[in-house]
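Each chain, letter by letter, is given below.
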Amino acid sequence: MESRALPNRLGLWGWLGGGRWGYERYLYTLHRLTGLGLLLYLLMHIFVTSARVFGPESWEKMMEAVTGPAFKAGEYLVFAAFAFHAINGVRLGLIELGFLVGRPIEPIYPYATSVGRQRPVAIAVMLIAGALAIWGGLGFILER
Amino acid sequence: MRDRTLWTWHIVAGLVILVFLGLHMTIMHLNSTFPTFNNPAGGEAESWVNVAWRMKSLFFALTYVVMLGAALYHGLYGLRNILFELNPGTGLRRTINVALSALGLVLFAFGAWVAVAAPGVVSRMGG
Amino acid sequence: MADTNLKQVLFRIRRFEPGKDREPRWEEHKIDAAPGMTVLDGLWKVKELFAPTLAWRSSCRMGICGSCGMLVNGRPRLACNTQISELQSDVVAVGPLPNFDIIKDLVPDLSPMFETHRELLPYLLREDLQEQEDPTGEYWQTPHELERYLQFSYCIKCGCCMAACPTVATDPVYSGPMPLAAAHRYDSDTRDGGFAQRREVLADGRGPWRCHFAGECSQVCPKGVDPAKAIQLMKQDLVLDLLRLRARRPPSKVLGKPSGKRREDVPAAPPRTVK
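Protein chains in written order, with our numbering: chain E, 1 to 144; chain W, 1001 to 1127; chain D, 2001 to 2275.
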């Protein structure tokens, strides 16, 4: 619909939080960023791992091309991104199917919102994802 | 109706990825701290010995195909969501739909071929 | 009157004069704030003393009409419901609600939100039109059935949730928390039979599928409506419907008038124990 008024949408800044926002807002942004990162990695990964179908020499050459500290660091980031995206994804999957949000209640101030109700789960998500990232990190270090 | 169905498959794909990619990450990156039988030569998961062993396995061929399909769908649907929320015009929406579907199908075909051809490659080499 | 509790507070107000300004600008005014003054009281003081052309919407000044939604110190709030002291700052930055076009100063154009609200059919849809025009009795509903949607009926349409939502920040097609919570309020009302009709409207980008539970709508809602909860419950409903697992029941019947006759299954009263 037309309006002669001045447009005032927050745009991408609205995705990034726009200011003093809650914890779940940042989890939402991080979930998007890790998702995009994982997708980009997947697209490259399909090509890199396809080298195996052309035999061991082709495979070794490809593996050599992706050695080095930069690649190792990148792979670790992918692992950490997966750890976060997967565990947070479980939380989001449960919530968006209507679990963990609670029943409709009579709103009595201070309001007990669905966000507050799932907050312990959100914190548990960060702790588990962090623990997994550290465990994975150990694996990367031990493989040196 | 379409959005609802696409979204539901997105959640289902997420579950599939959780299981299979979790297994994949364990085999590839947690092998030193949590070894499984999937790296029979021990050591690095990406050494040819271990890779060839997995290439021969029907279980891995099947699960790689399933995981690839689920991951491509889940990731490209997520990308489509992000792009659509930036409010493209109608023509651009159709282009995005076609381009992402085509990309997904092509990559799936290629990756599935690699996974299914793998056992043949290894047995031809006598390994 | 003792003026010892007065505190100097700086009001930074986002001004925009259509036709005169090309962009909004900040204007600062210092006022004396007494304890108990709300942001709305502060705005009236500024208008009275310094800025007679300052424009905003307000009406009830008690948090029920939903007119005075504004961005106060970075969060969407009702100006009448926000104490200056609760902001814990000497600076009160007031701007118009984001994600809506600005008509003038602090006045947002809420008509897109109301149009979307209308498109989601926010009223009881039933087939017995004659009964609705000319009611013979009330519709049957238990207190438990009322609880399923009562929370979502407290919405005052202030638009704070829309201003807080990250999806509404970039996407004008997405309905936003207020229309979706209102649609869910009717879908979970047992007197309503319009789920199939609303489902058609909710099928595309206007539906709940672009909500990713940032939860900001529920955190800023001044009435505790919790639109985030309504939207996730709506998704559950729609997915159950897709899997053909949603309990289908006709809308509640009309309660007949009392017949005047005593029911046979009512037991007789026990004998009196008090003389």
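If you are wondering where the hints come from, they were derived from the structure by calculation, not from laboratory data.
This one's a predicted model, so the numbers in the text were calculated from it and none came from an experiment.
Accuracy of the hints is not assured; some may be wrong.
Simulated pairs of lysine to any residue, SDA-like, Cα-Cα distance not exceeding 25 Å [as the list claims (entries may be wrong)]:
{"no.": "1", "chain 1": "E", "residue 1": "K61", "chain 2": "W", "residue 2": "N1038"}
{"no.": "2", "chain 1": "W", "residue 1": "K1056", "chain 2": "E", "residue 2": "M44"}
{"no.": "3", "chain 1": "W", "residue 1": "K1056", "chain 2": "E", "residue 2": "S50"}
{"no.": "4", "chain 1": "D", "residue 1": "K2157", "chain 2": "E", "residue 2": "K72"}
{"no.": "5", "chain 1": "D", "residue 1": "K2223", "chain 2": "E", "residue 2": "F99"}
{"no.": "6", "chain 1": "D", "residue 1": "K2047", "chain 2": "D", "residue 2": "Q2008"}
{"no.": "7", "chain 1": "E", "residue 1": "K61", "chain 2": "W", "residue 2": "P1119"}
{"no.": "8", "chain 1": "D", "residue 1": "K2104", "chain 2": "E", "residue 2": "G11"}
{"no.": "9", "chain 1": "D", "residue 1": "K2223", "chain 2": "E", "residue 2": "Y111"}
{"no.": "10", "chain 1": "E", "residue 1": "K61", "chain 2": "W", "residue 2": "S1057"}
{"no.": "11", "chain 1": "D", "residue 1": "K2157", "chain 2": "E", "residue 2": "E60"}
{"no.": "12", "chain 1": "E", "residue 1": "K72", "chain 2": "W", "residue 2": "A1052"}
{"no.": "13", "chain 1": "E", "residue 1": "K72", "chain 2": "W", "residue 2": "R1124"}
{"no.": "14", "chain 1": "D", "residue 1": "K2157", "chain 2": "E", "residue 2": "G116"}
{"no.": "15", "chain 1": "W", "residue 1": "K1056", "chain 2": "E", "residue 2": "E60"}
According to the in silico footprint, chain E covers these stretches of chain D (three or more CB under 8 Å from chain E) [unchecked claim]:
{"no.": "16", "segment": "2039 to 2050"}
{"no.": "17", "segment": "2214 to 2228"}
{"no.": "18", "segment": "2246 to 2258"}
Using N, Cα and C, we set each Cβ at its ideal position, and we do this for glycine too.
Among all the numbered hints in the text so far, which are the ones the structure does not match?
-> 4, 11, 13, 16 and 18
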